[in-house]
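Trainee: So the chains spell out like this:
There are 2 protein chains.
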Amino acid sequence: MSVDAAIAVFDRNYDAFVEDLGTFLRFQSVSAQSDHAGDMVDCARWISRQLATAGLDAHIVSTDRHPVVLADSGPVPDANAPTLLFYGHYDVQPPGDLKLWESPPFEPTIRNGAIHARGSADDKGQVMTHLTAMRCWRETGMPWPVRVKFLIEGEEEIGSPSLPDVLRKRVDELACDYVVLSDTAKLNAETPSLAYATRGLIYKEIEIEGPRRDLHSGQYGGAVANPGNVLARILAKLQDDSGRITIDGFYDKVRELTDWEKAHLKRAGLTDKQLLAATGCPAPAGEPGYTSAERCTARPTLDVNGLLTGYTGEGAATIIPNRATAKVSMRLVADQDPGTISEAFDQAVRSACPPSVRLSISNHTHCAAYLAPTDSPAMKAAAAALMAAYGKPPVFTREGGTLPILPLFKQILGADSVMLGFSVPDCNLHGPNEFFHVTDFRRGTQCILRFMGLMASSV
Amino acid sequence: MSVDAAIAVFDRNYDAFVEDLGTFLRFQSVSAQSDHAGDMVDCARWISRQLATAGLDAHIVSTDRHPVVLADSGPVPDANAPTLLFYGHYDVQPPGDLKLWESPPFEPTIRNGAIHARGSADDKGQVMTHLTAMRCWRETGMPWPVRVKFLIEGEEEIGSPSLPDVLRKRVDELACDYVVLSDTAKLNAETPSLAYATRGLIYKEIEIEGPRRDLHSGQYGGAVANPGNVLARILAKLQDDSGRITIDGFYDKVRELTDWEKAHLKRAGLTDKQLLAATGCPAPAGEPGYTSAERCTARPTLDVNGLLTGYTGEGAATIIPNRATAKVSMRLVADQDPGTISEAFDQAVRSACPPSVRLSISNHTHCAAYLAPTDSPAMKAAAAALMAAYGKPPVFTREGGTLPILPLFKQILGADSVMLGFSVPDCNLHGPNEFFHVTDFRRGTQCILRFMGLMASSV
Numbered sequence: 004m005s006v007d008a009a010i011a012v013f014d015r016n017y018d019a020f021v022e023d024l025g026t027f028l029r030f031q032s033v034s035a036q037s038d039h040a041g042d043m044v045d046c047a048r049w050i051s052r053q054l055a056t057a058g059l060d061a062h063i064v065s066t067d068r069h070p071v072v073l074a075d076s077g078p079v080p081d082a083n084a085p086t087l088l089f090y091g092h093y094d095v096q097p098p099g100d101l102k103l104w105e106s107p108p109f110e111p112t113i114r115n116g117a118i119h120a121r122g123s124a125d126d127k128g129q130v131m132t133h134l135t136a137m138r139c140w141r142e143t144g145m146p147w148p149v150r151v152k153f154l155i156e157g158e159e160e161i162g163s164p165s166l167p168d169v170l171r172k173r174v175d176e177l178a179c180d181y182v183v184l185s186d187t188a189k190l191n192a193e194t195p196s197l198a199y200a201t202r203g204l205i206y207k208e209i210e211i212e213g214p215r216r217d218l219h220s221g222q223y224g225g226a227v228a229n230p231g232n233v234l235a236r237i238l239a240k241l242q243d244d245s246g247r248i249t250i251d252g253f254y255d256k257v258r259e260l261t262d263w264e265k266a267h268l269k270r271a272g273l274t275d276k277q278l279l280a281a282t283g284c285p286a287p288a289g290e291p292g293y294t295s296a297e298r299c300t301a302r303p304t305l306d307v308n309g310l311l312t313g314y315t316g317e318g319a320a321t322i323i324p325n326r327a328t329a330k331v332s333m334r335l336v337a338d339q340d341p342g343t344i345s346e347a348f349d350q351a352v353r354s355a356c357p358p359s360v361r362l363s364i365s366n367h368t369h370c371a372a373y374l375a376p377t378d379s380p381a382m383k384a385a386a387a388a389l390m391a392a393y394g395k396p397p398v399f400t401r402e403g404g405t406l407p408i409l410p411l412f413k414q415i416l417g418a419d420s421v422m423l424g425f426s427v428p429d430c431n432l433h434g435p436n437e438f439f440h441v442t443d444f445r446r447g448t449q450c451i452l453r454f455m456g457l458m459a460s461s462v
Numbered sequence: 004m005s006v007d008a009a010i011a012v013f014d015r016n017y018d019a020f021v022e023d024l025g026t027f028l029r030f031q032s033v034s035a036q037s038d039h040a041g042d043m044v045d046c047a048r049w050i051s052r053q054l055a056t057a058g059l060d061a062h063i064v065s066t067d068r069h070p071v072v073l074a075d076s077g078p079v080p081d082a083n084a085p086t087l088l089f090y091g092h093y094d095v096q097p098p099g100d101l102k103l104w105e106s107p108p109f110e111p112t113i114r115n116g117a118i119h120a121r122g123s124a125d126d127k128g129q130v131m132t133h134l135t136a137m138r139c140w141r142e143t144g145m146p147w148p149v150r151v152k153f154l155i156e157g158e159e160e161i162g163s164p165s166l167p168d169v170l171r172k173r174v175d176e177l178a179c180d181y182v183v184l185s186d187t188a189k190l191n192a193e194t195p196s197l198a199y200a201t202r203g204l205i206y207k208e209i210e211i212e213g214p215r216r217d218l219h220s221g222q223y224g225g226a227v228a229n230p231g232n233v234l235a236r237i238l239a240k241l242q243d244d245s246g247r248i249t250i251d252g253f254y255d256k257v258r259e260l261t262d263w264e265k266a267h268l269k270r271a272g273l274t275d276k277q278l279l280a281a282t283g284c285p286a287p288a289g290e291p292g293y294t295s296a297e298r299c300t301a302r303p304t305l306d307v308n309g310l311l312t313g314y315t316g317e318g319a320a321t322i323i324p325n326r327a328t329a330k331v332s333m334r335l336v337a338d339q340d341p342g343t344i345s346e347a348f349d350q351a352v353r354s355a356c357p358p359s360v361r362l363s364i365s366n367h368t369h370c371a372a373y374l375a376p377t378d379s380p381a382m383k384a385a386a387a388a389l390m391a392a393y394g395k396p397p398v399f400t401r402e403g404g405t406l407p408i409l410p411l412f413k414q415i416l417g418a419d420s421v422m423l424g425f426s427v428p429d430c431n432l433h434g435p436n437e438f439f440h441v442t443d444f445r446r447g448t449q450c451i452l453r454f455m456g457l458m459a460s461s462v
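Quick note, the sequences are listed as chains F and E, same order.
So for the first sequence, our numbering puts the first residue at 4; every next one is plus one.
So for the second sequence, our numbering puts the first residue at 4; every next one is plus one.
Some hints could be false.
Said to hold, decoys possible - Partner residues are not named here, just some residues of chain F that face chain E (Cβ under 10 Å, in silico): (1) L218; (2) R236; (3) G309; (4) T321; (5) G403.
I should point out that these hints are in silico values taken from the structure, not numbers from a laboratory.
Note that this is a predicted model, so its numbers are computed, not measured.
For each residue, glycine too, the CB sits at the ideal point set by N, CA and C.
Sequences and hints are given; from them, build the entire structure.
Mentor: This is the structure:
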């Protein structure tokens, strides 16, 4: 059987592949720091060579910041086989305080069965499962089971500013049936997961300006609008006491959970007990009629992320503040339209604001939710591949957070994404001593190989 | 006529009195800074000697911080004459940035008809009108027209912490019919004012604690109460959109303005045009049914003085904050009881707070309003004395701010206060280049002498 042959290649060359992973991790590819621009280019070139070694036609595309690596296997013998676009990123977060690292962040070190280095989990170690799977398949001499494309960017940690333009300009070159990415975690060390949804995000900043400078609250208190009081009243009008958001039309397009999803979340989702233990909150709270697991994954939210006005130091100052600001964000779910919700939010804030102050609203983020069908051929193949690699069926999850690239792929390329995550949730992502289990490198590579095989026979 | 004789003494000794004022201003009596403790003692001794020179029995009382100077003329020939307690303070605010002073803050300098020094207006220059009036009267050889007592403290700028105890322990020694103080400003340079009311102050701090640390709003958003959202909803429940405070029973004891007061405020009070010019606000705002002048002097308020929660820097952070805090203060008017209002506030906040967060409320300040009759013998005498000194009748004013000593004198000594203020509103109080017009030193001293004379004949 062809996939087993490719897995056998991995096992025979295990030491060499781990060595290559180490080489990948040694590049100081910190996208946020301009003095690493040269490391970024070197790293992109190294990836391009890896893909060429695997027999793909690889090239590097320049952007305003950091290069993108693209590759393509070209047409494959089976004209009906689907096309998979493997997405990943080679840039990493800055290492932070070096004193907190047990071994240097760019000198990969294996301890307790895990390779420790910046980017080991996010995302180089996981990208390496893709690269290694290609090399293994190539080594068997068999033809590609599916058409394989790659897009590995260097700007994920700084918000992927160049990605939309790259996608839009290369719609044909990047055309695919599915995007495959490994940039998330399993449910826990033993249990794989298959995320099929992420929430969108609209992030606003409200500024209320009253008097031209702070006033003495004795002198003018009662006769002028206080920006702090006004801000509190505006925010309070966006959500009722129960936690339901009262912005006009906010829930109109929200797609309800299916019965299957409700049952699955009930069985496998976050419990109230877990929620309280993890957060330390005295009680759960949220939209009536939904469980905690549903609330933090499948329902939209409105959260105050920051408030600032007036005197906030020790003791008391009797002022009417000149201005008050709030950072407020909303997590969206399918099929809320970010543009419509953004407008409705602004309208609600404007109509709650009296003429005795000046109001301005600015936008930080604007991203749609993503929701994929759980019963597509790719999801079925992914579930089977994870089952084979981990000996346990994956849990289907909705992520409460936001991944802007997923709606981007859907919108521009028309492709759903398959999220095969191999790291563990406590892998010190973005922190010191980030790690990736070597067994997950092996199982991940196996999983990718099996997924490719299953996709070939899925059509 | 006796008062004219005393005024003549002033005019004859003008240079010497201005010299003495300079001596007073040279003491670096900064109560907030412990390295000036010696200057405080020196200054108190100097005042005591001034009072002794005027023929009063003066002594110094120690406190936990800075000494208080007390003095008494003893019984006077007219057994029916009232007793006046002259109150003032010899401590001053720290001078702040010395580079901003045109002449050094403790080297009094006369420029443009005004003596410039820290404390010249607040309150040494005004206390000096009292001391000088006593010396002038004494110099005439006439018996005291009223019984005169003095209480000059050194802790006013740090909140008068020792004063309540001094008053309570010396109720008999300080017994009086009226307290007289000069620690406020005229309406403007030409127009004297007679303040007869101040507002009280309750200052609270609300803290809402949710999760034990900041949470990722994608991970838990929607399933836990957000302290920022909760705080906004609590604050919004304390006041309606019109500006009326909705705390249960808040307005129950509020004494309404008399028709005379309404008419007087309409004629002499702050206009909307003045309010907008002074504050830069786009429109007036406040409790319906009242004018701006009424709102900021005779009506109670609720102002957010500070709000802080979550991320308040540049850009966006998608967090659910661990905690949110608000500083909130209420200006009270007669006859609101601070204890009752404080309880009602706490009750309103508690009942608006859901069980999904932890709430704590702390107290910073707790002070009653003060309201004196405008038609008492002392107020009539004060108005006549100001008319004589300035050639214009005083405007009766309600102060929007808070003077904790006034309700204290009323409560402990049972005495109303007469506020004869001689400085100008723009005298750089607490700032650099504080000044006191020399003509106001002269007119103030005259006014005090006339007031004493009028009080003698008022009974």
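Trainee: Would you mind marking each hint as holding or not holding in the structure?
Mentor: Structure-based check of each hint:
no. : hint : verdict
1   : L218 : holds, 6 Å
2   : R236 : holds, 5 Å
3   : G309 : holds, 4 Å
4   : T321 : holds, 6 Å
5   : G403 : holds, 5 Å
Comparing the model with each numbered hint stated earlier shows that all of them hold.
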